[in-house]
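Participant: One letter stands for each residue in the lines below.
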Amino acid sequence: MKRFSEQLKKKSETIRLRASEKAELQSRIVAFMEYHPLPATVKSVPVPKSKVVLEPYRLIAIPRAYVRSFVGVTALLFIVVIPTMAESAIPGDILYPVKVNFTEEIRSTLSTNSYEKVVWETTRLERRISEARLLAQAGKLTGATEAEVLAAVQVHSDKAKQQIESLRTTDADGAALAQMTFATMLDVQSSVLKSDDSASTTEGKSTVALASVLDAGYTEASSDSSVDAVSVVRLLAQLEVETTRSYELLSSISDSATEQEQTDVRRRLADLESKIKTATDDTSADTELVKKELRNAWTDIQKLISYMTDIDVRNSLTVEKLVPAVLSDAEKLAQSIQKYELANTQLQRIKFGAPLITEQDIVAKIEPTIPKVADLLTIATTSMYVNIDEAKVAVDEALALTESMLTLYQFPELVEMPRTDEVAATTTIPVDDTEGSTTASTSTETTE
Amino acid sequence: MKDPDNTGAQGGSHESRFLEAFTEYSDALFRHASMRISDREKSIDLVHDTFTKVWTYVRNGHVVENYRPFLYKVLNNLIIDEYRKQKEASLDALFERDGVDEGSFPELSESTVEALAATIDGKQAFDLIALLPDAYREVLIMRFVDGLGPREISELVEESENVISVRIHRGLKILRDKIESSARNMEENRLKGK
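Taken in order, these protein sequences are the chains called A and B. Position 329 (the first sequence) corresponds to 329 in this note's numbering; numbering is contiguous. Every number in this note's numbering is 1000 more than the matching position in the second sequence, counting from 1.
Quick caveat, the hints were computed from the structure, so don't treat them as lab data. It is possible that some hints are incorrect.
[Unchecked claim] Straight-line Cα separation of at most 16 Å, EDC-like style, residue types lysine to aspartate or glutamate; simulated pairs:
(1) K11/A / D1081/B
(2) K161/A / E146/A
(3) K10/A / E1041/B
(4) K1085/B / D1146/B
(5) K1053/B / D329/A
(6) K1192/B / E1152/B
(7) K275/A / E240/A
(8) K392/A / D312/A
(9) K372/A / D389/A
(10) K339/A / D389/A
(11) K392/A / E413/A
(12) K22/A / E1041/B
(13) K194/A / D215/A
(14) K10/A / E1152/B
(15) K9/A / D1049/B
(16) K159/A / E220/A
(17) K1123/B / E105/A
(18) K9/A / E1041/B
(19) K1073/B / D1127/B
(20) K1042/B / D1027/B
(21) K11/A / D1121/B
(22) K194/A / D312/A
(23) K159/A / E240/A
(24) K22/A / D1027/B
(25) K49/A / E1020/B
(26) K22/A / D1127/B
(27) K9/A / D1045/B
(28) K51/A / E1020/B
(29) K11/A / D1049/B
(30) K1042/B / D389/A
(31) K10/A / D1121/B
(32) K1123/B / E341/A
(33) K11/A / E1020/B
(34) K43/A / E116/A
(35) K9/A / D1027/B
(36) K10/A / D1049/B
(37) K351/A / D389/A
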């Protein structure tokens, strides 16, 4: 009936008064009104308040093409443009609620299983931390804003834990892996915050509270013993998947990461593969030991993935800090020798400068430490080519002590000291005389 | 335009309300009249008479709350008067010939009307609606052109809603028959022409 009515109405609308006819008709009526004016008694009657045009709706014909265009543009605006613009919003921006309550929630619903939900909540938590860092760098992380961020971090953390618990009922191994991933993320993000220059107590710039919350979360997540139950088979399978993913990620960041960064990541991936192979090839090894090695490999690979996918992590931490390289014996030797030389040089500087110190409290600290360092260097000398790990420990300790002493007093540089035979003798680099070989080549590995 | 009472053309006076009604409804009233009597000049006169009658009504102290139905009622009465002048067959005579009691179709409803209207082409109906007896033409125009509901039409023509529904239904049936008949004739003529 609607179509019949529309057709009939449309045809009938061709019947209308011409403008001239309407004007003439109106003038005739107005003339009639003027000739028959309202009496005073009628004029005093109040005019009804109801409107002359009483129809509740007026039909306004809008061309369908305009309607389609309008609908299309509106849909594009609300589904694409605004969410895209909202992605870069931070707390305080107008579109921030769109980002958190609409876009991210929509993406939550796209996760089909608990593991993906955990991954997504972890990502959301990383986003909140990243936003907090941006605010802190701008000096806008006020008490109120920080409280909001902490609350959001807690919400996402709780949701991740809920999903892990939900996953545990159907896939215990998956839940354990998710738990480890979550804990690793908390650890990495805490490290990022602590490395930031804005990690101070200055109002608007401090992320100390946030880092503390993350630390607490990491402690709780990493102390969960259920992660120990993940089977070797499952660990190996997931490690293979993550390793493949890592190589793909590495090729994807070839434009944004420096050559050195890419080399360092490639080195760590090779180390991890070697570690995994070593752990699984040793058939006599204890199963729990193997699991522990594989769990460590899982944690390391998650840190590498975080390094490659999160530019905040890449800008704040070195890959060496996140995942220290596994040095070969030759690399350890070269590194130990380098550190030995440095510790030794520093020790000589301290020895010759010590008599110049007048402050008794400093003298009291330095005097007993000098022989300790000497002993450690002697241990390093004797074990350098016999037990490199022992030599490395001794050298690291010696270097830590000399650097600590150097902070107590402004010792003059060695170059200013007269070079005597004693100095020349004590600065000699130890040579491997066990097999008649010369000093190993210097390591190119960067150190902290 | 002169303002005979110097009350201003703005809203708030009886004159302004009346003229607003003219601006709003004059075209629709003219359309209704034209489709009923098929005489343009006469239709304009009928619209003029409608408004002057209504003005007289207001001048006599009556208050018009809702101009639209009132204007249609006055116009309808004028059209009926015009028919009587033209000595067209009355509705009663029409029904006496057909032997139909309009009150005996309680089962007719809006949905029945809808179903019937859906089978009719509105464009062809427009061309043939003038051939309908005025009793049916009147209600069909009021219903499908003026957009009045059965209740409003019943108040205008002073018949019950059921009677109005019957007339609409019958009017649509006759319209459809005339359209089909016209189509058959055209086909026959086409075939003869070959």
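Participant: Each of the hints needs a verdict: does it hold here or not?
Facilitator: The hints, checked one at a time:
1. Annotation: proposed proximity of K11/A to D1081/B is violated, straight-line Cα distance about 27 Å (limit 16 Å).
2. Distance hint between K161/A and E146/A is unfulfilled; the C-alpha atoms sit about 22 Å from each other, more than 16 Å.
3. Using a Cα cut-off of 16 Å, the hinted pair K10/A and E1041/B is violated, with the two alpha carbons roughly 22 Å apart.
4. Distance check on the hinted pair: K1085/B and D1146/B sit about 25 Å apart at the alpha-carbon level, beyond 16 Å; violated.
5. For the suggested pair K1053/B and D329/A, the alpha carbons sit about 115 Å apart, so the restraint of at most 16 Å is broken.
6. Between K1192/B and E1152/B the alpha-carbon distance is near 48 Å, which puts this suggested pair outside the 16 Å criterion.
7. For the given pair, K275/A sits about 13 Å from E240/A by alpha-carbon distance, which is consistent with the 16 Å threshold.
8. Under the criterion of a C-alpha separation no larger than 16 Å, the hint pairing K392/A with D312/A is inconsistent with the structure, at around 32 Å.
9. Among the hinted pairs, K372/A with D389/A is inconsistent with the structure: their alpha-carbon atoms are about 19 Å apart, more than 16 Å.
10. The hinted pair formed by K339/A and D389/A meets the criterion: a straight-line CA distance of about 13 Å does not exceed 16 Å.
11. This hinted pair does not check out: K392/A and E413/A have alpha carbons roughly 26 Å apart, beyond 16 Å.
12. A C-alpha spacing of about 12 Å is found between K22/A and E1041/B, which places the hinted pair at or below 16 Å, so the restraint holds.
13. Of the supplied pair hints, the one linking K194/A and D215/A holds, its CA atoms being roughly 11 Å apart against a limit of 16 Å.
14. A C-alpha spacing of about 22 Å is found between K10/A and E1152/B, which places the hinted pair above 16 Å, so the restraint is violated.
15. Taking the CA atoms of K9/A and D1049/B, the gap is near 25 Å; set against the 16 Å cutoff, the hint is violated.
16. Restraint check for K159/A and E220/A: satisfied, since their Cα atoms lie roughly 15 Å apart, inside the 16 Å limit.
17. Taking the CA atoms of K1123/B and E105/A, the gap is near 52 Å; set against the 16 Å cutoff, the hint is violated.
18. Annotation: proposed proximity of K9/A to E1041/B is violated, straight-line Cα distance about 22 Å (limit 16 Å).
19. With a CA separation close to 25 Å, the supplied pair K1073/B and D1127/B exceeds the 16 Å bound.
20. For the hint pairing K1042/B with D1027/B, the CA-to-CA distance comes to about 14 Å; that is within 16 Å, so the pair holds.
21. A distance of roughly 11 Å separates the Cα atoms of K11/A and D1121/B; the hinted pair therefore holds under the 16 Å criterion.
22. Proposed proximity of K194/A and D312/A is supported: the alpha carbons are some 12 Å apart, at most 16 Å.
23. A C-alpha spacing of about 28 Å is found between K159/A and E240/A, which places the hinted pair above 16 Å, so the restraint is violated.
24. This hinted pair checks out: K22/A and D1027/B have alpha carbons roughly 8 Å apart, not beyond 16 Å.
25. For the hint pairing K49/A with E1020/B, the CA-to-CA distance comes to about 14 Å; that is within 16 Å, so the pair holds.
26. With a CA separation close to 25 Å, the supplied pair K22/A and D1127/B exceeds the 16 Å bound.
27. With a C-alpha separation of about 23 Å, the suggested pair K9/A and D1045/B falls outside the 16 Å cut-off, and the hint is violated.
28. Of the pairs offered as hints, the one joining K51/A and E1020/B holds, with about 10 Å between alpha carbons and a cut-off of 16 Å not exceeded.
29. At most 16 Å may separate the alpha-carbon atoms for a hinted pair to count; K11/A and D1049/B exceed this at roughly 26 Å.
30. Restraint check for K1042/B and D389/A: not satisfied, since their Cα atoms lie roughly 117 Å apart, outside the 16 Å limit.
31. A threshold of 16 Å between alpha carbons decides the hint, and for K10/A with D1121/B the separation of about 12 Å falls inside it, so the pair holds.
32. Between K1123/B and E341/A the alpha-carbon distance is near 104 Å, which puts this suggested pair outside the 16 Å criterion.
33. For the suggested pair K11/A and E1020/B, the alpha carbons sit about 26 Å apart, so the restraint of at most 16 Å is broken.
34. For a cut-off of 16 Å, the pair hint linking K43/A to E116/A is broken: about 78 Å separates their Cα positions.
35. Only pairs whose Cα atoms come within 16 Å are accepted, and K9/A paired with D1027/B is accepted, the gap being roughly 13 Å.
36. Our distance criterion of 16 Å between C-alpha atoms is broken by K10/A and D1049/B, whose separation comes to about 27 Å.
37. For the proposed pair K351/A and D389/A, the alpha carbon gap of about 27 Å is over 16 Å, so the pair is violated.
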